[in-house]
Structure formats: structure tokens, C-alpha cells
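A.B. asks: Listed here are the chains, written in short residue letters.
4 protein chains.
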Amino acid sequence: MVSAVVMGAPQQPLEVRDFPRPELEPGAVLLRTLGSEVCGTDTHLWKGQLAGVPYPIIPGHVSVGVVAEVGAGAEARDVSGRSVEPGQVVTFLDVVGTCGRCWFCTVGHATTRCPQRRVYGVTLSADDGLLGGWSEHIHLGPGAHLIPLPDSLDWRAFLATGCGMPTALHAVTMAEIQFGDTVVVQGSGPVGLCAAVLAQLRGAGRVVVVGGPANRLATATAFGADDVFDIADTTEADRLEAVRELTGGRGADVTIEASGAPVAVPEGMRLTRDAGRYVVVGQYTNVGDATFNPHLDLNQKHLEIRGCWGSDVGHLHRSVQVLDRYARQFPWTELISREYGLPEAQQALEDVLAQRVVKALIVPRH
Amino acid sequence: MVSAVVMGAPQQPLEVRDFPRPELEPGAVLLRTLGSEVCGTDTHLWKGQLAGVPYPIIPGHVSVGVVAEVGAGAEARDVSGRSVEPGQVVTFLDVVGTCGRCWFCTVGHATTRCPQRRVYGVTLSADDGLLGGWSEHIHLGPGAHLIPLPDSLDWRAFLATGCGMPTALHAVTMAEIQFGDTVVVQGSGPVGLCAAVLAQLRGAGRVVVVGGPANRLATATAFGADDVFDIADTTEADRLEAVRELTGGRGADVTIEASGAPVAVPEGMRLTRDAGRYVVVGQYTNVGDATFNPHLDLNQKHLEIRGCWGSDVGHLHRSVQVLDRYARQFPWTELISREYGLPEAQQALEDVLAQRVVKALIVPRH
Amino acid sequence: MVSAVVMGAPQQPLEVRDFPRPELEPGAVLLRTLGSEVCGTDTHLWKGQLAGVPYPIIPGHVSVGVVAEVGAGAEARDVSGRSVEPGQVVTFLDVVGTCGRCWFCTVGHATTRCPQRRVYGVTLSADDGLLGGWSEHIHLGPGAHLIPLPDSLDWRAFLATGCGMPTALHAVTMAEIQFGDTVVVQGSGPVGLCAAVLAQLRGAGRVVVVGGPANRLATATAFGADDVFDIADTTEADRLEAVRELTGGRGADVTIEASGAPVAVPEGMRLTRDAGRYVVVGQYTNVGDATFNPHLDLNQKHLEIRGCWGSDVGHLHRSVQVLDRYARQFPWTELISREYGLPEAQQALEDVLAQRVVKALIVPRH
Amino acid sequence: MVSAVVMGAPQQPLEVRDFPRPELEPGAVLLRTLGSEVCGTDTHLWKGQLAGVPYPIIPGHVSVGVVAEVGAGAEARDVSGRSVEPGQVVTFLDVVGTCGRCWFCTVGHATTRCPQRRVYGVTLSADDGLLGGWSEHIHLGPGAHLIPLPDSLDWRAFLATGCGMPTALHAVTMAEIQFGDTVVVQGSGPVGLCAAVLAQLRGAGRVVVVGGPANRLATATAFGADDVFDIADTTEADRLEAVRELTGGRGADVTIEASGAPVAVPEGMRLTRDAGRYVVVGQYTNVGDATFNPHLDLNQKHLEIRGCWGSDVGHLHRSVQVLDRYARQFPWTELISREYGLPEAQQALEDVLAQRVVKALIVPRH
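Chains as they are written, first to last, in the working numbering: chain A, 1 to 366; chain B, 1 to 366; chain C, 1 to 366; chain D, 1 to 366.
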């Protein structure tokens with residue numbers, strides 16, 4: 001039997017349940033889970049803030065495991081086309097089922113908007129099997145996008161940034177940072193921290209983080225942020241003035257929103273300079289409206305705003321390369337505040353909700 | 001003496017005044033005006049809705065004239081480097097003084113945000129001379145950006161689209177329309193009509209115009225719009241439903257706002273499909289705020305929004321080429337509803353304000 | 001039984017053979033062929049100039065047919081997700097098997113370089129069934145990318161441009177033509193002619209076609225080319241001088257190679273202005289090397305060169321929209337020189353080889 | 001009097017001559033030179049390999065000085081609009097005279113192709129004054145683009161990369177490196193070394209340098225290159241095989257040519273993967289032709305090639321920000337092999353020619 005954490009319904013206590021070990025289809029893969037992250041999405045799931053979630057679910061979308069078994073009759077291949085073998089340490093794209101045939105997949109080239117896509121730990125039901133990472137084993141059907149971790153990359157280092165890294169990598173790619181740019185990041189959770197790191201790996205001239213609480217801002221500084229502003233201590237006017245002072249009166253060349261607060265969006269428009277770029281990646285759930293001035297905040301500013309949704313195989317694959325290559329420079333594992341066993345998952349969720357931790361991992365004790 | 005229309009102050013009647021014929025600096029140019037457009041900006045100027053206007057001014061920013069004289073001691077050269085000679089029919093960029101030295105000019109490559117730029121007919125004072133187009137003559141200092149009209153291009157055809165064409169050309173360029181895209185244009189004034197034409201010259205698969213009144217929508221149809229919706233007859237919900245029906249439920253690939261109404265902006269976000277693009281060019285004055293939902297209208301949509309401000313030499317130069325090349329296909333002069341002499345300028349302004357005309361020209365009778 | 005043209009081996013006479021009507025897999029589609037184009041690729045196939053071709057093959061990659069049957073047990077859906085029903089007139093992407101899983105599909109986002117892709121009429125064998133268009137029926141497996149033709153689009157109009165249109169649409173998209181640009185197209189076959197048309201649907205200010213023979217150049221002129229140069233009558237030096245004269249001495253803003261001659265490539269670099277763009281789409285087979293000067297022809301010119309290979313669902317889908325929308329402007333069917341029955345396929349091939357025709361169609365008589 | 005090094009004619013020994021201290025125009029600036037780089041261009045100048053050089057010249061294009069005097073009657077302003085005052089340490093763009101009015105400046109937005117541009121130390125004559133950096137003082141006319149060095153940036157650190165940094169920054173910007181990409185740099189001179197550093201500041205997953213001699217490759221490794229290949233020890237076939245092995249058989253995602261050898265260009269095409277990007281920046285002089293296969297090396301590869309010429313104010317400004325911000329990570333001054341006084345300039349030139357040094361500086365002893 002396989003133990004897994006189940007979220008039966010919003011606001012209900014998590015439970016550990018036993019599942020039968022699955023029969024594998026040809027080319028399917030069973031992972032023995034090394035770890036799985038706890039992410040802000042998991043708190044949204046628990047609060048019931050996401051539509052279309054087929055509770056009960058096994059949470060956990062970004063995970064790492066050892067290949068325990070490959071379903072007989074077909075090979076499993078990684079993204080580079082190599083055969084995947086038992087004993088390998090791999091991660092996988094949490095998104096499955098992207099159809100490759102619909103208008104968004106083939107004409108729009110916007111695969112993160114494919115209506116067929118489903119997400120491990122989010123939109124796949126525990127009734128259908130081990131389809132989430134907070135579990136001793138994870139069942140990956142044929143065609144899952146498998147990415148081996150390089151030997152030089154500690155699996156904890158990979159999980160330390162969790163889905164924050166591919167999400168931020170997508171956002172920072174869309175931000176088109178130029179060498180020497182001043183980049184403001186709104187939000188200091190995992191996505192914001194990763195964006196602040198990645199801005200440095202695009203040659204930003206100055207990286208400013210607006211967020212809180214203090215422990216997260218201290219982490220931002222430790223990971224290279226040049227300036228931090230705590231939203232608890234400063235007003236929007238303070239931040240506007242500070243950013244303008246840092247930029248010769250112009251404002252940020254690029255701003256990246258990773259906060260989740262609607263009010264951050266018009267502030268971000270104003271923090272950005274004329275003809276600058278603003279990427280909004282943090283508005284993952286609907287928590288209300290925002291008001292702005294189309295003339296002053298958008299048109300006269302010649303401002304570009306890009307909403308950024310989801311991530312694809314490329315973002316995850318590139319995240320692995322970046323985490324591996326720049327581990328000499330950034331001590332990823334220091335982002336992990338605490339590891340929790342399966343029975344401690346409820347505690348993990350509450351610690352994340354209370355922002356007592358930067359990154360929490362679920363690590364099944366096998 | 002030279003007669004010119006003077007707008008002495010907001011809301012005051014226009015007057016025709018006499019000015020001395022100017023002494024030309026070396027390389028300066030004196031134009032004998034053939035015509036000058038009346039544009040929505042002129043109505044904003046008259047209502048006092050623009051900041052930083054040094055009344056009294058001679059209105060008229062996009063104009064055509066015959067070169068009457070070149071200031072002795074230096075050549076005047078056009079944008080292609082050829083000498084400009086008396087007798088040539090030319091237009092010129094209304095924007096002058098862009099410094100080429102500031103951060104926006106040299107590092108930001110956003111010349112339309114250069115703080116030194118001034119605009120003929122808008123931010124140059126009648127106290128400083130013949131610096132607007134509603135005048136028998138126009139005084140262009142050394143270094144003005146001169147663009148000859150090709151012999152094959154009627155000057156009235158050029159003025160028929162006025163500053164709407166370079167403005168729309170800038171916006172449509174930023175819209176990055178792909179072949180076969182469905183393009184929605186919000187607004188049916190000169191910028192919107194030009195955008196609807198230019199969308200066809202980007203290979204759009206369908207062009208939809210949302211605006212009014214009926215005479216402008218009829219013009220849109222005559223110039224190739226596939227569908228028009230009158231805002232007087234339809235609600236936002238009607239328009240959303242109609243556009244979705246035209247696009248297999250997805251929404252417009254590209255939307256271009258050229259209406260000036262703040263409420264059009266959140267509507268435009270919703271009219272656009274997931275991963276589509278929205279260009280906002282019409283919010284030229286501050287007439288209030290707008291409210292939107294950052295999660296639904298921006299982030300989850302993976303929407304790109306681009307504010308578009310001003311136009312540069314390239315936009316005007318390219319407009320001349322397009323007007324000339326595609327005159328066989330689009331009967332530009334039909335956009336001109338009426339021509340007015342200098343003493344009729346007040347009437348022209350009122351006709352534009354009341355939307356009784358599509359395009360009005362000021363044509364001095366020499 | 002189903003009659004189809006078979007190319008048994010390079011340089012061997014084509015034959016008409018009978019095939020059994022196939023059993024359809026669930027969701028597969030059998031088309032009754034209305035027509036299929038004869039394209040330059042077919043002449044390359046017959047001359048044996050392409051590697052990896054599994055002779056015998058049924059030629060014909062871009063085709064139109066009526067849905068005769070859908071394999072029971074699953075729906076067939078078009079690119080927009082709608083169910084495809086018997087009686088509909090559809091085309092389909094000739095490329096099948098793109099895997100959606102390899103590095104090029106998922107990380108590189110370069111699906112035309114997916115190693116799994118196969119092409120109807122080119123890299124699929126007649127031993128495996130009705131997998132080419134010069135046949136009374138065409139067998140499309142489950143998952144083929146089906147695109148219905150709009151009622152307003154004559155199937156002959158669609159076939160008149162054949163695979164030239166999606167190929168040119170890909171190239172012209174990569175060319176990033178700006179409004180008013182001077183565009184030179186090298187080559188006046190179907191790809192070149194389509195590129196010359198599409199350049200006008202990007203708002204080019206002038207379209208110049210370099211090619212031959214005279215009948216094709218006459219077609220180019222009829223389809224809107226502003227200038228044509230016959231390579232039989234002019235030298236490279238003549239053409240360089242002529243293009244510079246047309247462009248104020250600068251050269252073309254954009255050049256598109258669609259000729260297939262290696263020597264055209266260095267000439268194209270020189271025809272293009274400094275900081276211009278050059279798209280090479282016509283070098284479909286290896287017919288030798290070319291020599292250029294890296295300093296003068298590339299680096300000092302600040303030239304951008306883009307090789308363009310293959311086309312995807314989006315290019316075909318957009319081609320259908322463009323052909324339909326702009327049929328009022330371009331008389332597509334006039335490109336068809338002659339239609340041939342299946343037994344006349346050899347003659348069709350020879351007429352294309354001799355450039356006696358612009359576009360030849362194979363039209364089975366049912 | 002002011003001492004300066006004069007290159008009287010190609011292949012003639014350099015001399016130190018005395019010049020009168022210049023009278024300054026209003027807003028002009030006289031710098032007391034702190035240092036000026038010796039660059040490969042200076043060796044080309046001395047060998048007479050560049051066209052249009054108005055010998056005699058004072059060499060030295062990238063230089064740093066202290067503001068000694070500002071011409072009375074007008075302010076001198078830096079790129080950010082601040083007044084420049086005596087005592088400040090500044091650098092300046094070597095390019096002056098870019099007209100801001102021609103087609104390339106205004107329509108083409110390709111200012112590095114403006115025909116009016118002149119370059120300090122290259123295309124300005126010593127007969128016209130102190131217009132090069134190998135001099136005790138440098139005379140900057142009104143309108144020169146001045147960029148102050150931040151207090152935190154040692155002027156030697158700035159000069160250590162010389163014009164290699166803005167040149168490489170331009171090239172790497174055009175290379176559009178994505179996170180995790182494998183980047184191959186051809187050439188290990190200052191431009192190549194800077195490109196290898198900047199690739200890391202774009203988040204490359206692996207940086208490979210192909211060049212020589214051994215001391216430069218050792219520097220490349222010290223500055224973070226993951227792999228180096230000495231062209232003296234390896235063949236093109238060796239390098240192709242090695243790069244393919246490092247990239248799962250695909251080739252480099254991005255290749256940057258900074259070698260100056262024509263034969264490097266076709267090799268670079270082959271080193272790059274299908275649908276990859278190749279930037280050619282090193283072919284600064286005409287030293288012969290190259291041969292390639294348009295089908296295999298360009299079209300079928302779907303390869304993008306970008307020639308990169310010159311640099312502008314933005315590239316220099318951004319270079320200063322990057323050198324300052326990432327000085328904690330890269331020990332710039334270690335690139336300086338030796339400093340030479342004015343009388344030693346001939347020796348400096350010969351050491352650079354013989355590749356005995358990585359970077360040589362001319363440092364006048366005041």
C-alpha cells in the first residue's frame with residue numbers, strides 16, 4: 001500500500017490515506033517520492049479559492065522522485081529523448097494532457113491556455129489515483145514530461161524554489177530585462193524571490209524587492225536584492241518616491257508583480273517608468289478589482305503590461321539548468337525553512353499560510 | 001503680412017490675426033500652407049483639457065504646404081537626405097526639438113517620451129511665430145523633419161487621414177497583428193478608421209469596429225470593416241457575445257482602443273482572447289478612472305496590454321508611403337467631409353466636436 | 001477500389017494503381033479528393049533530390065477533399081474543436097506525427113524541426129496506404145489536423161496557391177515587414193508569388209520580384225508587384241543598381257529568397273539595406289555552395305538573415321483565413337494554369353518542371 | 001601644451017607630439033585623461049586595414065578622464081540630464097556626430113549606420129585637435145554623450161573591458177539568450193571574453209569558448225567559461241563533435257562570433273542547433289570570403305544569423321551599470337595585463353598584435 005495526504009474538501013483537515021500500488025500502463029512511470037513542495041497554491045486549494053478542483057485531491061504539484069518502475073511494453077523517455085530507467089532521480093511537469101491539437105496549442109501557440117490541460121495536485125482527483133506529490137509514490141501516465149535532475153544538482157536545491165522557479169522564469173522571460181535595468185519585484189514569496197534572483201541572471205543593474213514580512217525580505221537581501229521595502233512600514237507614496245529616487249526620477253525599467261494583491265497592480269504601473277514593462281504573474285486567484293487611470297497609468301506612459309499564466313515544459317527544463325549552473329552563486333537550499341513528514345502536512349499548510357516559513361517541503365519517510 | 005487662426009485661450013472664440021512674414025534662419029523653411037487638418041486634439045485644446053499648452057497658439061499640427069522659401073546660408077534636407085527646394089509639396093513631423101541626448105532618446109530608445117519635444121499647433125506659442133498649420137504660412141526652423149509628398153499622392157488624400165494615420169500606424173505596428181487575426185477596433189474617429197484600414201494591410205482575417213455615430217460606422221464599412229457595432233445600440237455584454245460568436249468563443253486576437261473613453265479599456269481587455277494583445281492609443285486626455293479585475297481580465301488571460309503614445313518621423317514617413325501605395329484600394333479623400341477657410345475655423349471646431357464630420361480640413365484661400 | 005498515382009522510384013514513370021478502400025480507425029477520416037496540387041517538391045521527389053523518401057509514394061501534399069467517412073467510435077475534430085462531419089469540404093496539414101514531447105516540440109518551440117514529423121505525399125509510403133493527395137481518396141489517421149474551408153472560399157482558390165501560401169506566410173511572418181517597406185522577392189514560383197502578395201498584405205510600400213520566365217513575372221505584375229526583373233535579361237549588378245535606385249541608394253528593407261538557387265543568397269544579402277532583414281525559404285534541396293564576404297555582406301551591414309523551414313498548423317490555418325478574406329482583392333484561381341486527371345500526372349510533372357505552368361492541379365474524375 | 005600619441009600613417013612608428021591646450025566652445029568639455037584602452041581596432045588602424053581614416057590621428061576610442069574644464073556659456077550634461085562638473089570622473093561615447101535626422105536615424109532606427117557618425121581615435125583627425133584618448137587631455141565638443149562612472153566603479157575596472165564590453169553587450173543583446181541555453185563564443189579576445197561573461201549574466205546554462213592562445217583561454221575559464229577549446233589543438237570537426245556531445249546532439253542554442261576570421265562564420269553556422277541563433281560581431285575588417293551551403297547550413301537548419309555593427313549610447317551606459325553591479329562577481333581589473341605611458345604606445349601596440357596581453361591600457365603620467 002501507498003500512503004498519501006488527501007485534501008478531501010476545502011477547509012477540512014488533511015488526512016493520510018492508504019492507496020493500492022497502481023498497475024502501470026506501458027511506458028508509465030511510478031516514482032518513489034523524495035520530496036514535494038508546499039506552495040501558495042496549496043493554501044488556495046485548502047481555502048477553496050480555485051474553481052474546478054475535483055476534491056478529494058492529493059496535493060503537491062512540483063515534486064522529485066526516484067524512478068521505481070516503468071510500465072512494461074514501452075519505454076519512458078525524458079524531454080531530451082533518452083530512455084528513463086529505474087533508479088534515476090527525476091522531476092516532471094505538473095501539467096499533463098495538453099492536447100497539441102486545439103487552436104491554442106496549434107495556432108495560438110499559447111499552450112498554457114489549452115483547455116485540456118490538467119495539473120497534478122490541483123485538477124486531478126485522488127479518486128483516479130496517485131496524482132499528487134504529497135504521497136509515498138506518484139503515478140505518471142505515458143507521455144508525462146520527465147526531466148532528470150543532473151547529478152550535480154541536489155534534489156533539495158531543486159525543490160527549494162519549487163514551482164516558484166518555473167513560474168518566475170516564465171515571468172522574467174516575458175519581462176525582457178535589458179542589461180543594467182532597474183527591476184522592481186512586488187512580492188517576496190517564492191515567485192518573487194526567484195524573480196529577484198533571475199533578474200540578476202539577466203544582468204539587471206539594480207533589483208528592488210517590495211514585500212514582507214521581514215524574514216522574507218532578509219532572504220531577498222541574502223539572495224542579492226539591492227534594496228528592499230517592507231509593505232508594512234511604507235506607503236505606496238513612499239515606495240514611488242524611493243524608486244524614483246533610485247532611477248533618476250524615471251521609475252523602474254521593469255516591474256514584476258508576484259504579490260497576489262489587486263491593489264499592487266495599479267501601484268506597479270506607477271512604479272514603472274514611461275515606456276517600461278510590467279509583468280503581472282501573481283494574481284493567481286480572484287480576490288477583487290483594482291482601479292487605475294487609463295490616461296496617466298497606461299497610455300501616456302507608453303506602458304507595456306503582460307499577464308503571465310502557467311508554465312510549460314520549457315520553463316521547467318530551463319529552471320533545472322539554471323538551478324544547476326548557478327548553484328555556486330545562490331545557496332538554494334537555504335530557502336527551505338522546514339521539512340514535514342506526510343502526517344505533518346496540515347502543520348506545513350498552516351505555517352505557509354502564516355508566512356512563518358519561506359519554503360516548506362513534504363518529505364515522506366520511506 | 002500672414003493671416004493665421006489664433007486660439008487665445010480655452011473656450012474663447014478663435015480669431016484670425018495678421019503676423020509679419022518671418023525672417024528665416026539658415027536652412028529654415030517657410031511653407032505656403034495648402035491645408036491643415038482639424039483633429040480631436042484641437043477640440044481638447046479648445047476645451048482646455050491638455051496641460052502645458054502655451055496659449056495663445058496657432059492650432060494645426062498635421063499640415064501640407066508648398067516650400068515658399070529656404071533660409072539662405074544652409075540647405076534644408078528631407079528625411080532621405082535630399083535637398084528641399086522651393087515649389088516642392090511637403091509635410092513635416094509636428095514634433096520638434098526631440099533632443100537626441102537624453103536618457104529616453106539614447107538609452108531608452110523611446111523618443112516619444114523625450115522631455116524636450118514640442119509640438120506644432122499644440123505646445124508652441126503664437127507669440128513665437130507661425131508655429132501651427134491653420135495659417136497662410138508655416139515657419140519651420142532648421143532641422144525640422146521634412147517629408148516630400150510623392151507626385152502620385154494628392155495632398156488632400158494625405159490630409160484626409162491627418163494625424164490619425166501616423167497615430168494608428170504606430171498603434172497597429174505595436175499590435176503585431178498576425179495573418180488571419182480577428183482585430184477589434186474600439187472607436188470610429190480618424191484614428192479608429194485608420195486602424196481598421198491598416199489592420200487589413202496587415203492581413204487581418206476579420207476587422208470589427210465598435211463605435212459611432214452611424215455615419216462614421218458607414219465610413220468604416222466603406223473602408224472594409226467586416227462588422228460594425230454602434231455603442232448607442234449595444235451593451236458591453238452584447239458586444240462581448242458578438243465578438244465571441246465571431247471567433248469560435250475565444251475573443252479577438254488583437255484589440256485596438258481608439259475611443260478615449262476610460263470604460264472602453266476594461267471592455268477591451270474582455271473582448272480580447274486569452275494570450276491576445278490589446279493596444280491602448282485613444283486615452284489622450286485624463287477623463288477619469290477605470291476598474292478591472294487583475295485575475296480575470298489580465299493574469300489568467302495571459303493578456304498583453306500596450307499603451308501607445310505619440311508618433312515619430314518613421315511613423316509619418318511610413319504613413320506617406322502607405323497612403324501613396326494603397327490609394328488604388330482605399331479612396332482616402334472620401335474621408336474629408338468639408339473644407340473650411342481660416343475665418344471658418346470656429347465652425348470647423350464645432351462640427352468636429354459635434355461629430356457632424358469625419359475629417360475637416362482648414363484650407364487657407366491664398 | 002481506389003485509384004491513385006504512384007511514384008515508384010525516382011526518374012521512373014508515374015503509374016495509376018488501385019488500392020483497397022481502407023478500414024478506418026476510430027476518429028480517422030477518409031476524404032474524397034477534390035484536388036491536390038503539383039508543387040516543386042514533387043519535381044524534386046521525382047528527380048530523387050530529397051533524402052529519406054520511402055518510395056513508392058503517392059505524391060500530393062496539399063489537397064482538398066470532401067469528408068466521405070469518419071471512423072466509428074470517436075469524433076474527428078477540426079483545429080477549432082468542432083466535430084467534422086461527412087460532406088464537409090476540408091484541407092489538412094500535410095505534416096503528421098509531430099510528437100509534442102521532444103526537446104524541439106517542448107523546449108525549443110521549433111516544431112518544424114521535430115524528428116518525428118512525417119509528411120503526406122513526401123515521407124509516407126504508398127505501402128502504408130492512401131497517404132498522398134494524387135488519389136481518389138485520402139486516408140487521414142486519428143489526430144490529423146483538419147481545417148474546414150469556409151463556404152465563401154472556392155476549393156480551387158485554396159489550391160491555386162497550394163503549399164506556396166503557408167510556406168510564404170511563414171517566411172513573410174518571419175520577415176517582419178514594416179509599413180512602407182520596400183520588399184524584394186527572389187523567385188517567381190508559387191512561393192515567390194505568394195510572398196509578393198502577402199507583402200502587400202503587410203503594407204509594403206513597394207514590392208519587387210526578381211525571377212522568370214516572363215509568364216510568371218506577368219502573373220507577379222497582375223498580382224500587384226510594382227517592379228519585376230527577369231533574371232534572363234539582367235545581371236546581379238543590374239539588379240543591385242536598380243534596387244538601390246528605387247530605395248534612395250539604401251537597398252531593400254526586406255528581401256525574401258524563394259528561388260532555390262544558391263547564388264541567389266549572397267545576391268540577396270547585397271540587395272538588402274544595412275540593418276535590413278533577409279529571409280531564406282527557397283533553398284529546399286542541396287544544389288551546391290555559395291560564397292560571400294562576412295565583413296561586407298553581413299557584419300558591417302548589420303544584416304539579419306533568417307532561414308525558414310517548413311510550416312505548421314497555424315500557417316495553414318492562417319492561409320485559409322487570408323485566402324478567404326482577400327479573395328475580393330486577389331483572383332487566386334487565375335494562378336491555376338491547368339488541371340490534370342490522375343492518368344495525366346506525368347504530364348503535369350513535366351509541365352511544372354519546364355515552368356510551362358504557374359500552378360498545376362491534379363483533379364481526380366470521380 | 002598637451003602631449004599626445006600620434007599615428008601619422010599606417011605602418012609608421014607612433015610619435016608623441018605636443019598640442020596647444022584647446023579653447024573650449026560653450027558646453028564643451030576638456031578631460032584630463034586617466035586612461036585609454038588599446039584595442040584590436042588600433043592594430044587594424046596601424047596596419048591600414050580600415051577605410052576612410054584621416055591620418056594623422058590620435059588613437060584611443062574608449063577612455064576615462066577627470067573633467068578639467070567646461071566651456072563657459074553653456075552647461076555640459078550627462079546622459080541622465082545632470083550637469084557635469086569639473087572633478088567628475090567620466091567616460092563618453094566614442095561615436096559623435098550621429099545626425100538624428102537621416103533616414104537611418106529617424107526611420108530605420110539603426111543609428112549605428114548613420115553616415116554622419118564619426119569616431120574618436122578612429123575617424124577624426126589629429127589636425128582637428130585632441131580627438132583621441134592616447135593623450136594627456138581629450139577635447140569633447142558640445143553634445144558629446146558623457147557618462148559619469150559611479151563612485152563604486154574603479155576607472156581601471158571600466159577600462160579593463162574597454163570597447164569590448166559595449167560591443168559584446170550589443171551582440172549578446174541581439175543574441176536573445178534564453179535561460180539555460182548553451183552558448184558558444186568564437187574568439188577569446190576582449191569582445192569574446194566579455195560575451196562569455198555577459199552570457200552568464202543572461203542565465204546561460206553552459207558557456208563554451210573557442211579561441212586561443214592558452215593565456216586567453218585561461219582567462220575565459222577564470223571568468224566562468226564552462227568549457228574552452230583551443231583552435232590550435234582542435235579541428236572544426238573536433239569542435240562540432242564536442243559541442244554536439246555537450247548538447248544532446250543538437251548543437252549550441254546560441255553562437256556568438258568574435259574572432260575576425262572569415263572561416264569561423266560557416267563553422268559557427270554548423271555549431272548552432274536547428275532553429276538556433278548566430279550573432280556575427282567580429283568581422284570588423286575585410287580579410288576575405290567564406291563559403292557555406294545555403295540548404296544545409298541555413299535554410300533546413302531554420303537558422304537565424306544577425307550581423308552586429310557598432311554600439312550606441314545605450315550600450316555604453318548599460319555597460320557601466322553592469323560593470324559596477326557585477327564587480328563583486330567578476331574581477332574586471334585582472335583582465336589588464338599591463339599599463340603603458342604615452343611614449344610606450346608603440347610597445348603596447350606590438351604587444352596587442354602579438355597577443356602577449358589580454359588588455360593593455362595607455363595611462364598618461366601627468
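Hints in this document: simulated from the structure, not taken from any laboratory.
Careful, some of the hints might be misleading.
Stated by the list, open to error - What follows is a set of in silico ranges between Cβ atoms, one per label pair, in the way DEER data are often shown:
hint, chain 1, residue 1, chain 2, residue 2, range
1, A, Gln355, C, Pro86, 39 to 45 Å
2, A, Tyr55, D, Ser152, 51 to 57 Å
3, D, Glu334, C, Leu296, 45 to 51 Å
4, A, Asn286, D, Arg244, 54 to 60 Å
5, D, Ala232, A, Ser83, 37 to 43 Å
6, C, Glu245, D, Arg244, 31 to 37 Å
7, D, Arg328, A, Tyr55, 46 to 52 Å
8, D, Ser152, A, Asn286, 42 to 48 Å
9, D, Gly288, A, Gly81, 55 to 61 Å
10, D, Gln49, C, Gln12, 54 to 60 Å
To be verified - Here are a few chain B residues that face chain C, going by a calculated C-beta distance under 10 Å:
hint, residue
11, Gln178
12, Arg244
13, Leu246
14, Gly248
15, Thr333
16, Ser337
Here the structure is a predicted model, which is why all the values come from computation and not from measurement.
All C-beta atoms, glycine included, are put in the ideal place defined by N, C-alpha and C.
A.B. asks: Which numbered hints are broken by the structure, listed smallest first?
C.D. replies: Result: hints 1, 3, 4, 6, 9, 12, 13, 15, 16 break, sorted rising.
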